[in-house]
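Residue numbers (the numbering used here), protein chains in the order written: chain V, 1 to 318; chain E, 1001 to 1528.
Calculated from the structure, these hints are not laboratory results.
Note that the coordinates shown come from a computational prediction; the quantities given were computed from them, not determined experimentally.
There could be a bad hint or two in this list.
Stated by the list, open to error - Once the Cα atoms are required to be at most 25 Å apart in a straight line, the calculated SDA-like pairs of lysine to any residue come out as: (1) K1268(E) <-> Q161(V); (2) K180(V) <-> E1212(E); (3) K180(V) <-> E1215(E); (4) K1417(E) <-> A22(V); (5) K99(V) <-> A1074(E); (6) K127(V) <-> I32(V); (7) K180(V) <-> K1268(E); (8) K180(V) <-> L1342(E); (9) K1268(E) <-> V259(V); (10) K180(V) <-> K1174(E); (11) K1417(E) <-> K1174(E); (12) K222(V) <-> E1212(E); (13) K1451(E) <-> L51(V); (14) K1268(E) <-> F148(V); (15) K1451(E) <-> E49(V); (16) K180(V) <-> A1074(E); (17) K1403(E) <-> I32(V); (18) K99(V) <-> S307(V); (19) K1417(E) <-> L51(V); (20) K1417(E) <-> I65(V); (21) K1417(E) <-> I158(V); (22) K1268(E) <-> I158(V); (23) K1174(E) <-> P48(V).
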Amino acid sequence: MRSILTLITQRLALGILLLLAASVLIFVGTSILPGDVAQAILGQSATPEALDNLRRELGLEEPAISRYFSWLGGMLQGDLGTALTNGRDIAESLGGRLKNTMFLAFWAAVISVPLAIFLGLLAVRYKDRWPDKLISAVTLTTISIPEFMIGYVLIYWISIQWGMFPSVAIINDGMSLGEKLNAIAIPVMVLTLVVLAHMMRMTRAAILNVMQSAYIETAELKGMGMLKIIRKHALPNAIAPIINVVMLNLAYLVVGVVVVEVVFAYPGMGQYLVDHVSKRDVPVVQACGLIFAAVYIGLNLVADIVSILANPRLRHPK
Amino acid sequence: MNEQLKEMSAKVARGLMTRREFVGRAAALGVTAAVANSMLAGTARAQEPKKGGDLKLGSIGGESTNSLDPALAASQVPYANLYHFAETLVEVAPDGSIENRLAESYEASADAKTWMFKIRKGVEFHNGKELTPEDVMRTMERHSNEDSQSGALGILRDFESMKVEGDTFSLTLKTANADLPALLADYHLMIQPDGGFDNPASGVGTGPFIVESDEPGVRHLFRRNPNYWDPARGHVDSSEVLVLNDATARTAALQAGQVHIANRVDPKVAALLGRSPNITIRNASGPGHYVFIMHVDSAPFDNNELRLALKYAIDRTDMVDKILRGYGSIGNDSPINASYPLFTEMEQRNYDPEKAREHYAKSGHDGSPIILQVSDVAFPGAVDAAQLFQQTAQAAGIPLELKREPGDGYWSEVWNKQPFCASYWGGRATQDQMWSTAYLSTADWNDTRWKREDFDRMLIEARGELDNDKRKAIYAAMGQMVRDEGGLICPMFNDFVNGVSTQVQGWIDDPTGDMMSGTYSGKVWLDT
């Protein structure tokens, strides 16, 4: 037990270091982009006077390093600062967007993860027969098509032709849960189709790998049913790689869905981040970048811990 | 025949046919234009605006960085928002005339230097405060003072002094300007309580709608202002602006009936979209134009023969067909077209490889490739247009080399910096404003480096000239100068193309600005 605690502490410390490194990278990255925030805010209609006035007001004349550290200091006190572009509190506007992103990712995960694992088990049970081939063919097709394309196709049929669900997934706090779910129905379908194949194939491969083991043969010889063998013996032993892939896909659902957000005008974090990158709004970009990095690192941490707990050999290292 | 005419006038009323089409087809049926027009007037009278309903616009140009501060508005969504909750002193009406809004009337001194605006009484801001001439003066102060970040700062630099007397706001200019009211119709100059000094982004104005929900980059919801002063505007109960930056998402939302209006319809799909029974495509020819601009002071473009060679080497008609799909009109290397008041037609310059070859030979250019910098963000289809230009120039023996630039940073690093690049202009309300913004020697955005003393003198002279015939003649001469010697290659003027549901009534194809010059929400009504 003690070693697990040490391990988790180590991982967390490493994670924080990684986050700091990420913040530096993002800061340097945004600094070397052409044009500055004042120019980006005022666009083509900027006059030199207006530019100078805005630059002075935004404190862009200070050196980059002092700007970085004053921001980091604020961050550590839980103050994300205000957006340079519209003067809004970052924590507040980011909070709403993060909630929306989590909402969409949650429902996509609730549908796709069990479905992927179920389909993976089914594919193992009927290995090399038509259900296996059909499942693989369909999921590999949907992962190969760009997600905006799947989005457009589903919009065309489900929204325009059949009028079942809306094509615009704009949600707000005034909507009931039912209305929100109705609004995100098509984006959830798209995301499910996009992440299904990866998880399904990994489940299938991991379990097939275990199925070669001697103890599976023993179980078979003692007359156990195929599905029961998979459920009781193969799945628990294959859980580590499956969890890893599931976590990777969950991370994708949180940080990688900007294209889907644009197609459905979903008010998530991706679009929020892109808007601020194009305006060189460094504080917001950094805050978003850190949250995204934290999600990745956090989910990978969870994957590690689950793998350790699922495997007695890792639980008691020599 | 009568039945046919009735059906046609019903179509006009539903917006399925334009007035011009109607008169044309009526003439084909043997009805004179005068009779046809009076029939239409009858239909229009039968069209009483209906109250109620929730209007929804799917709009391009919204970002989570947007603010309700009128000074910072620079794209379509903030622009649409402003006309919901606030108003300017005057507006430019669809026919180019000046329409009084918060100013009840105005007059100018004989030398066009001092302008007096009588401010409307009994108008209330959304916070309950009554509009005063001081609010107007403070607004102008905020946009013109030294700390201003306003997009309107450029046009206000000419203010000398302002004062309030009773119910009149008057301002004095350094140089005479006969177009001042049109300048004050600029969308940044929305009148705010105390000029917006205390809270510029409060969203409090005198407009026909009150801000209900403001979620930048997502949606903006407004409800009707029950205390609005003008009964002719504000028919729908609520108006919502949904940010749909993706062109396909906008058209899909319109087709699925989730929005009533989708702006900036891609010309490629406009004709297809217009075939749906519930959607009409409304296009208005405006002052916006797509350009290739040369710095007349940098080699090799400091040679007018080379400039002329390039101007003759571009196929304008082909570009209107291929890039705008017919939703636009050909340019004539001047930024001014028929959408401006006091416009004079010039001889049309056409694609002429022979003449281009001749001028190119005369220029003595050494034959090295001429580099044209272009990016997708310069205007929709800019890269394709540049490739067409390259081919037609090739046919005239002019070697054009395209250099594709990233969209990010294009406006800060390429436009107005590099000697030859693609760009666009949204146009301005008046000729004076357009010329002053981009062709005056001292203009910040003189993106062709057109610096000519004689031209500047003519511009100043026209500005103070209250006799319209004389002004028109000066503007014509200026246009001719830029066309024949300037650095502007203007292949096309783009239309404003919007997809509008047939439920929307009262829509006007307004050439002075997109989305009925921003005022669509107050003017249209829903017929469900």
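Status of the hints after comparison with the structure:
no.	hint	result
1	K1268(E) <-> Q161(V)	holds (21 Å)
2	K180(V) <-> E1212(E)	holds (20 Å)
3	K180(V) <-> E1215(E)	holds (17 Å)
4	K1417(E) <-> A22(V)	violated (34 Å)
5	K99(V) <-> A1074(E)	violated (29 Å)
6	K127(V) <-> I32(V)	violated (52 Å)
7	K180(V) <-> K1268(E)	violated (33 Å)
8	K180(V) <-> L1342(E)	violated (53 Å)
9	K1268(E) <-> V259(V)	holds (22 Å)
10	K180(V) <-> K1174(E)	violated (57 Å)
11	K1417(E) <-> K1174(E)	violated (30 Å)
12	K222(V) <-> E1212(E)	violated (70 Å)
13	K1451(E) <-> L51(V)	holds (23 Å)
14	K1268(E) <-> F148(V)	holds (19 Å)
15	K1451(E) <-> E49(V)	holds (21 Å)
16	K180(V) <-> A1074(E)	violated (32 Å)
17	K1403(E) <-> I32(V)	holds (22 Å)
18	K99(V) <-> S307(V)	violated (28 Å)
19	K1417(E) <-> L51(V)	holds (16 Å)
20	K1417(E) <-> I65(V)	violated (29 Å)
21	K1417(E) <-> I158(V)	violated (48 Å)
22	K1268(E) <-> I158(V)	holds (23 Å)
23	K1174(E) <-> P48(V)	holds (21 Å)
Of the numbered hints given earlier, the model fails hints 4, 5, 6, 7, 8, 10, 11, 12, 16, 18, 20, 21; all others are met.
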